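There are 2 protein chains.
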Amino acid sequence: MALRAGDHSQVAMNGLKEKVLTLDTMNPCVRKVEYAVRGPIVLRALELEQELRQGVKKPFTEVIRANIGDAQAMGQKPITFLRQVLALCVHPDLLKSPDFPEDAKRKAERILQACGGHSLGAYSISSGIQLIREDVARYIEQRDGGIPADPNNIYLSTGASDAIVTVLKLLVAGEGPTRTGVLIPIPQYPLYSAALAELNAVRVDYYLDEECAWALDVAELRRALCQARDHCCPRALCIINPGNPTGQVQARECIEAVIRFAFEERLFLMADEVYQDNVYAEGSQFHSFKKVLTEMGPPYATQQELASFHSVSKGYMGECGFRGGYVEVVNLDAAVQQQMQKLLSVRLCPPVPGQVLLSMVVSPPAPSDPSFAQFQAERQAVLAELAAKAKLTEQVFNEAPGIRCNPVQGAMYSFPRVQLPPRAVQRAQELGLAPDMFFCMRLLEETGICVVPGSGFGQREGTYHFRMTILPPMEKLRPLLEKLSQFHAKFTREYS
Amino acid sequence: MALRAGDHSQVAMNGLKEKVLTLDTMNPCVRKVEYAVRGPIVLRALELEQELRQGVKKPFTEVIRANIGDAQAMGQKPITFLRQVLALCVHPDLLKSPDFPEDAKRKAERILQACGGHSLGAYSISSGIQLIREDVARYIEQRDGGIPADPNNIYLSTGASDAIVTVLKLLVAGEGPTRTGVLIPIPQYPLYSAALAELNAVRVDYYLDEECAWALDVAELRRALCQARDHCCPRALCIINPGNPTGQVQARECIEAVIRFAFEERLFLMADEVYQDNVYAEGSQFHSFKKVLTEMGPPYATQQELASFHSVSKGYMGECGFRGGYVEVVNLDAAVQQQMQKLLSVRLCPPVPGQVLLSMVVSPPAPSDPSFAQFQAERQAVLAELAAKAKLTEQVFNEAPGIRCNPVQGAMYSFPRVQLPPRAVQRAQELGLAPDMFFCMRLLEETGICVVPGSGFGQREGTYHFRMTILPPMEKLRPLLEKLSQFHAKFTREYS
Ligand SMILES: Cc1ncc(COP(=O)(O)O)c(C=O)c1O
Ligand SMILES: Cc1ncc(COP(=O)(O)O)c(C=O)c1O
Numbered sequence: 054m055a056l057r058a059g060d061h062s063q064v065a066m067n068g069l070k071e072k073v074l075t076l077d078t079m080n081p082c083v084r085k086v087e088y089a090v091r092g093p094i095v096l097r098a099l100e101l102e103q104e105l106r107q108g109v110k111k112p113f114t115e116v117i118r119a120n121i122g123d124a125q126a127m128g129q130k131p132i133t134f135l136r137q138v139l140a141l142c143v144h145p146d147l148l149k150s151p152d153f154p155e156d157a158k159r160k161a162e163r164i165l166q167a168c169g170g171h172s173l174g175a176y177s178i179s180s181g182i183q184l185i186r187e188d189v190a191r192y193i194e195q196r197d198g199g200i201p202a203d204p205n206n207i208y209l210s211t212g213a214s215d216a217i218v219t220v221l222k223l224l225v226a227g228e229g230p231t232r233t234g235v236l237i238p239i240p241q242y243p244l245y246s247a248a249l250a251e252l253n254a255v256r257v258d259y260y261l262d263e264e265c266a267w268a269l270d271v272a273e274l275r276r277a278l279c280q281a282r283d284h285c286c287p288r289a290l291c292i293i294n295p296g297n298p299t300g301q302v303q304a305r306e307c308i309e310a311v312i313r314f315a316f317e318e319r320l321f322l323m324a325d326e327v328y329q330d331n332v333y334a335e336g337s338q339f340h341s342f343k344k345v346l347t348e349m350g351p352p353y354a355t356q357q358e359l360a361s362f363h364s365v366s367k368g369y370m371g372e373c374g375f376r377g378g379y380v381e382v383v384n385l386d387a388a389v390q391q392q393m394q395k396l397l398s399v400r401l402c403p404p405v406p407g408q409v410l411l412s413m414v415v416s417p418p419a420p421s422d423p424s425f426a427q428f429q430a431e432r433q434a435v436l437a438e439l440a441a442k443a444k445l446t447e448q449v450f451n452e453a454p455g456i457r458c459n460p461v462q463g464a465m466y467s468f469p470r471v472q473l474p475p476r477a478v479q480r481a482q483e484l485g486l487a488p489d490m491f492f493c494m495r496l497l498e499e500t501g502i503c504v505v506p507g508s509g510f511g512q513r514e515g516t517y518h519f520r521m522t523i524l525p526p527m528e529k530l531r532p533l534l535e536k537l538s539q540f541h542a543k544f545t546r547e548y549s
Numbered sequence: 054m055a056l057r058a059g060d061h062s063q064v065a066m067n068g069l070k071e072k073v074l075t076l077d078t079m080n081p082c083v084r085k086v087e088y089a090v091r092g093p094i095v096l097r098a099l100e101l102e103q104e105l106r107q108g109v110k111k112p113f114t115e116v117i118r119a120n121i122g123d124a125q126a127m128g129q130k131p132i133t134f135l136r137q138v139l140a141l142c143v144h145p146d147l148l149k150s151p152d153f154p155e156d157a158k159r160k161a162e163r164i165l166q167a168c169g170g171h172s173l174g175a176y177s178i179s180s181g182i183q184l185i186r187e188d189v190a191r192y193i194e195q196r197d198g199g200i201p202a203d204p205n206n207i208y209l210s211t212g213a214s215d216a217i218v219t220v221l222k223l224l225v226a227g228e229g230p231t232r233t234g235v236l237i238p239i240p241q242y243p244l245y246s247a248a249l250a251e252l253n254a255v256r257v258d259y260y261l262d263e264e265c266a267w268a269l270d271v272a273e274l275r276r277a278l279c280q281a282r283d284h285c286c287p288r289a290l291c292i293i294n295p296g297n298p299t300g301q302v303q304a305r306e307c308i309e310a311v312i313r314f315a316f317e318e319r320l321f322l323m324a325d326e327v328y329q330d331n332v333y334a335e336g337s338q339f340h341s342f343k344k345v346l347t348e349m350g351p352p353y354a355t356q357q358e359l360a361s362f363h364s365v366s367k368g369y370m371g372e373c374g375f376r377g378g379y380v381e382v383v384n385l386d387a388a389v390q391q392q393m394q395k396l397l398s399v400r401l402c403p404p405v406p407g408q409v410l411l412s413m414v415v416s417p418p419a420p421s422d423p424s425f426a427q428f429q430a431e432r433q434a435v436l437a438e439l440a441a442k443a444k445l446t447e448q449v450f451n452e453a454p455g456i457r458c459n460p461v462q463g464a465m466y467s468f469p470r471v472q473l474p475p476r477a478v479q480r481a482q483e484l485g486l487a488p489d490m491f492f493c494m495r496l497l498e499e500t501g502i503c504v505v506p507g508s509g510f511g512q513r514e515g516t517y518h519f520r521m522t523i524l525p526p527m528e529k530l531r532p533l534l535e536k537l538s539q540f541h542a543k544f545t546r547e548y549s
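Quick mapping for you: the protein sequence lines, in order, are chains S and L.
Quick note, the working numbering runs 53 ahead of the 1-based positions in the first sequence.
Quick note, the working numbering runs 53 ahead of the 1-based positions in the second sequence.
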């Protein structure tokens, strides 16, 4: 009997028992998961950094990680007030130090009072510290012009990622043609496709309209929904606003149309609003789904089910490493909400430091507080720089022949479309690579610039993109954009 | 047509659309999840606390939460050195402060160097900060008498819970009679049954031997395995050592027998070793599965698949709120390990503050460091008090007629068996409650003592237990134990 390489189902003949857990026996849903943002490009970037450290000669002196929305990794400084309060909470001896402003101390004491044993080291209740849920509720009310928010509908989470997966988990049911389908935008943030694969739900793609600055078009939603009904049971619609990777900010009318559509078609709405503080373009404004839904009145306000997600990872604070976030649920069935509560309790609680940061983000210093001026200045500086970088990115890319970039109205990314010559496409196919993966790999090898191929987010067949964050510091961003444009020109010549 | 209450499948007649997400349409696996540690008892405890605050008269003045292994919530103080380093990392301005010892500063600087942008606010790589994985590897090597550990086999996690669920996720496959079965101890820590329900895997119970101080008996493993093979495909065996809720510490011979059994029966081993620092009984000693497995030599050392879990939530530090932990995988198939890496990357990274605490736990101050003496004293004080409380608990309970408590050799819990009079059992059944739930509820209402009924962990049919942590401060623990014993006597009289 011949043993074929890669044939995992046979007992090996060298006396070794076959492993219990192999590619063939493991969870097939996990195998189907894809995740590009930390995929092969990033692994290669890590290797290159190591080679540089070892003194290997490269055509560049540093790897620039423009692949992930991680502001502080790109040099953005933490907001002082947030870290002061957190340090006080972590090490309450510091409450005696004269080096911390009064309002930071007050905040820290208030939070410690609300912690088990007055310590961040205690588990919180599973939905998050009650006081902080109340802070979040007040924040939402203010954000939405006074529309009430109930702390009991707010669940703190381990980053928004965790909350998104929790809500998807509730929604997944059925088999074969009754399997839950979930509509997601294409291009998408790949957490969605990954989580749906893992949960064995059906991913239903709707395409954003690149020609209209990545706008969401209800006719396209309808097309996707109708086609999906053949083979699954679509029950939820995910929206990312402001968009990742696409950077668009949805107009209010568009949100209304989406809500009407979801209501008519009986879809649970999931609004990923982690970039709600990241809106740069003139004329663009963030409208929360909760607010629009409520203002539309009954039956939408009273019946449409919605989950809205937020995070401490983005905005002006960029505190990714702390993994704080929340979900607000609206019009959720009470019994389902109990089930959600139970599900959360299995994982005990979200990390408390992330909860504390969230509390700062939703209740920052007031104008009368000693820390207000500095807080406000730091916050504005970050947001102003992001706005300038958004503009610069769009501008430089659009000056390059063969690159076309929609306005970066919000979030932290550009998602330019690149023309790739047919011979490059062919070469990529020979190598078994997506053409934009081939392009991005070459870009990385020759320039040290690490961006993610559009194929990792999804794109219309035959189009090619990459996602680049706008986060590198201003002095690096312009040369970076120019280098990238020049590389594209060279690449195009090479394969013409 | 009559509408029955609770009939979710009909469109309501009051003009409301039915919700998209209802008990009937939601994920049926989530519905099956049970989680007692934060179940109805704890909800009632919360209510009682609120009533006390509102001035409602009760037969007690405070609710004592002996339901959850959360040391700091019960008043244990954080270890100073851990919090100093963390505060320095959170707010690096403090590195200039004269109030922090040199070694804490060195540690903090070393960690910040290893963080993206030198900040805890950056995402780490998905498997955790490389430097900290190396620290963990060195810790394991030392713990295991020099047996090597590879940092690349170590994955940091959001508490041990997260790592346990990740490994279970990899193992789950098949349908009907080929569904993955996982052997878990009864009584168990209910994360296991909850995760298996959620993942739609088959839970295979093996009973610990209460008559032998909750020892694990391989004959019972074999019984459970054989019966399970009728209806599922058992592929993994979970061990909790030291045990939660049962407090036993496994003897080395027992671990060897378990490893031999797992190898012969082709079971993936999951060793939950989060209580490895919590061993109190004379003659008891912690042996890691990794060490025993390695010392058994081939084929065990070279082939038996193992995942071992640890956490910052327990031990002497009890830093539950930070959600730090890790898993070390041994003999995992390389391709599966890649899949695991990919799966982890979807969730971005574990919370960085938890990673930092883990780094301190695995590389504490050395004897030559300025913080050593204080660190050591604090650590010893906590462990010595836990040991005393373990002994006291066993002793007081065993003096009470109708209560029998095995020695608390390790971990943080006693799991005494209580005799409940037949009339109490009958009364409970009339109320639709498990008899021990009835007992614990009455205990809570009359004494303010919050413990978890044995039925939440599993127990042999017809036996009744409760789990009580040994964490209340010494001065509260003795009266608590006595009050509980007296309540049991009264309860017994009442229903005789
Ligand atoms: C659209 C979107 N949603 C959710 C997340 C998850 O963020 P976190 O889990 O860090 O809160 C991200 C992170 O990049 C994102 O871009
Ligand atoms: C046996 C056991 N495993 C795992 C855990 C999870 O701990 P954490 O997720 O806080 O690390 C616990 C917590 O009580 C436990 O008792």
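Just so you know, these hints were derived from the structure itself, not from any lab.
A quick note: this is a predicted structure, and the numbers were derived from the prediction, not measured.
Beta carbons are placed, not taken as given, at the ideal position from N, Cα and C, and that holds for glycine.
Careful, some of the hints might be misleading.
To be verified - Label-pair ranges, simulated between beta-carbon atoms:
1. S:P351 / L:L148: 53 to 63 Å
2. L:E452 / S:T355: 57 to 67 Å
3. L:D270 / S:G128: 30 to 40 Å
4. L:Q391 / S:E498: 21 to 31 Å
5. L:G229 / S:M527: 33 to 43 Å
6. S:G198 / L:Q183: 42 to 52 Å
7. S:Q183 / L:E483: 27 to 37 Å
8. S:T355 / L:E483: 50 to 60 Å
9. L:Q391 / S:D203: 35 to 45 Å
10. S:A419 / L:T516: 49 to 59 Å
11. L:E348 / S:R97: 55 to 65 Å
What the hints assert, rightly or not - Below 35 Å or equal to it, Euclidean Cα-Cα: the simulated DSBU-like pairs (lysine-lysine) are:
12. S:K158 / S:K70
13. S:K110 / L:K529
14. S:K130 / L:K130
15. L:K149 / S:K395
16. L:K529 / S:K395
17. L:K130 / S:K149
18. L:K222 / S:K543
19. S:K222 / L:K85
20. L:K395 / S:K395
21. L:K85 / S:K130
22. L:K395 / S:K70
23. L:K222 / S:K70
24. L:K395 / S:K529
25. S:K529 / L:K85
26. S:K536 / L:K536
27. L:K222 / S:K158
28. S:K158 / L:K344
29. L:K344 / L:K444
30. L:K110 / S:K222
31. L:K529 / S:K536
32. L:K158 / S:K395
Output the indices of the hints that this structure fails to meet, ascending. Violated: hints 3, 5, 8, 11, 12, 13, 15, 18, 21, 25, 26, 27, 28, 30, 31 and 32.
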